[in-house]
Amino acid sequence: MATRRNDPDRRDRIIDAALSVIAEGGVAGTSHRRVADRAGVPLGSMTYHFTSMDELLREAFTRFAERVSERFAARLSAVASRDELATAIVDLVHKDLVAGPDDLVLTLELYTLAARKPAFRKITHDWMRRSRAVLEEHVDARTSHKLDALIEGLFIHVSLDPTPHGRDVTRDAVLQFLSS
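Under the numbering used here, the very last position in the sequence shown is 180; numbers go up by exactly one each time.
There may be inaccurate statements among the hints.
[Unchecked claim] Between beta-carbon pairs, the in silico distance windows are:
id, residue 1, residue 2, range
1, D126, T163, 16 to 24 Å
2, A74, L160, 20 to 28 Å
3, S180, D12, 23 to 31 Å
4, G100, D37, 15 to 23 Å
5, P162, A80, 22 to 30 Å
6, E70, D7, 38 to 46 Å
7, L43, A78, 41 to 49 Å
8, H165, G40, 22 to 30 Å
9, R63, L43, 18 to 26 Å
10, L160, E24, 32 to 40 Å
11, M128, A80, 43 to 51 Å
12, A28, Q176, 24 to 32 Å
13, I156, D37, 30 to 38 Å
[As the list claims (entries may be wrong)] Distance condition first, Cα-Cα at most 16 Å in a straight line; then the derived EDC-like pairs of lysine to aspartate or glutamate:
id, residue 1, residue 2
14, K95, D168
15, K122, E66
16, K122, D168
17, K146, E136
18, K122, E55
19, K117, E59
20, K95, E55
21, K95, E70
22, K122, E59
23, K117, E70
24, K117, E55
Hints are computed from structural coordinates only; laboratory data are not their basis. Source: prediction; values computed, not measured. For glycine and all other residues, C-beta sits at the position ideal for the given N, C-alpha and C.
All chains should be built: construct the whole structure from the sequences, respecting the hints.
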């Protein structure tokens with residue numbers, strides 16, 4: 001009689017492997033087989049732990065969004081002034097939001113999936129809500145909404161521009177925004 005292997009971290013490894021596969025080949029290039037291979041688990045583990053690819057993608061993107069949100073909150077936790085807020089936002093845009101080489105791709109893949117499949121919008125909505133809640137510790141709700149959009153736009157521009165602007169331009173934009 002075969003004994004069952006105890007592998008309590010298998011589900012977590014599968015989720016992390018899914019993020020790696022998505023970053024490498026996009027959502028369209030993600031399959032149960034590729035994720036299982038990357039996680040080093042039998043293919044049957046995929047359907048044991050996840051009822052569908054959509055469930056796996058939701059779990060993976062939720063984990064990714066939560067990790068980014070944690071970095072966001074950690075960066076802003078020590079802010080005590082408007083000048084410190086501007087500095088923290090510059091660090092978010094130029095360091096934290098691009099902390100991993102896959103962060104940009106995963107962010108854009110999630111946005112694309114959420115644009116195509118409304119069921120995935122909850123992940124982006126929750127992510128935005130968490131970001132705005134952290135920002136609301138420093139600015140009013142209306143400003144946090146606009147500032148969150150500015151941060152995302154700056155992050156995308158810094159990440160995709162072949163000659164991205166420097167920290168000084170980001171800082172000027174943030175200070176100008178906070179002064180308006």
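Hint check:
Between D126 and T163 the beta carbons are some 34 Å apart, a value that contradicts the proposed interval 16 to 24 Å. About 25 Å separates the C-beta atoms of A74 and L160, a value consistent with the hinted range of 20 to 28 Å. Judged by the Cβ atoms, the range 23 to 31 Å given for S180 and D12 is violated: they are separated by roughly 44 Å. Look at G100 against D37: about 21 Å separates their beta carbons, and that is inside 15 to 23 Å.
In this structure, P162 and A80 break the distance hint of 22 to 30 Å, their C-beta atoms being roughly 37 Å apart. Between E70 and D7 the C-beta distance comes to about 26 Å, which lies outside the given range of 38 to 46 Å. Hint check: L43 to A78, Cβ distance near 46 Å, so the stated range 41 to 49 Å holds. About 41 Å separates the C-beta atoms of H165 and G40, a value inconsistent with the hinted range of 22 to 30 Å.
Between R63 and L43 the Cβ separation comes to about 21 Å, which falls inside the hinted range of 18 to 26 Å. For L160 paired with E24, a C-beta distance near 18 Å fails the hint of 32 to 40 Å. Distance hint check: the CB atoms of M128 and A80 are about 25 Å apart, inconsistent with the given range 43 to 51 Å. Judged by the Cβ atoms, the range 24 to 32 Å given for A28 and Q176 is violated: they are separated by roughly 39 Å.
Checked against the hint of 30 to 38 Å, the pair I156 and D37 passes, with Cβ atoms roughly 31 Å apart. This hinted pair checks out: K95 and D168 have alpha carbons roughly 14 Å apart, not beyond 16 Å. Taking the CA atoms of K122 and E66, the gap is about 13 Å. The hint holds against a cut of 16 Å. Distance hint between K122 and D168 is unfulfilled; the C-alpha atoms sit about 34 Å from each other, more than 16 Å.
Our distance criterion of 16 Å between C-alpha atoms is met by K146 and E136, whose separation comes to about 11 Å. Restraint check for K122 and E55: satisfied, since their Cα atoms lie roughly 13 Å apart, inside the 16 Å limit. Only pairs whose Cα atoms come within 16 Å are accepted, and K117 paired with E59 is accepted, the gap being roughly 15 Å. Between K95 and E55 the alpha-carbon distance is near 30 Å, which puts this suggested pair outside the 16 Å criterion.
A hinted pair counts as satisfied when its Cα atoms are at most 16 Å apart, and K95 with E70 qualifies at roughly 14 Å. Between the alpha carbons of K122 and E59 the distance comes to roughly 12 Å, so the proposed pair stays at or under 16 Å and holds. Between K117 and E70, the direct Cα distance comes to roughly 25 Å. Violation of the 16 Å bound is thereby established for this hinted pair. Distance restraint check for K117 and E55: the Cα-Cα separation of roughly 13 Å lies within the 16 Å cut-off, and the hinted pair is therefore satisfied.
Consistency with the previously given hints fails for numbers 1, 3, 5, 6, 8, 10, 11, 12, 16, 20 and 23, ordered from lowest to highest.
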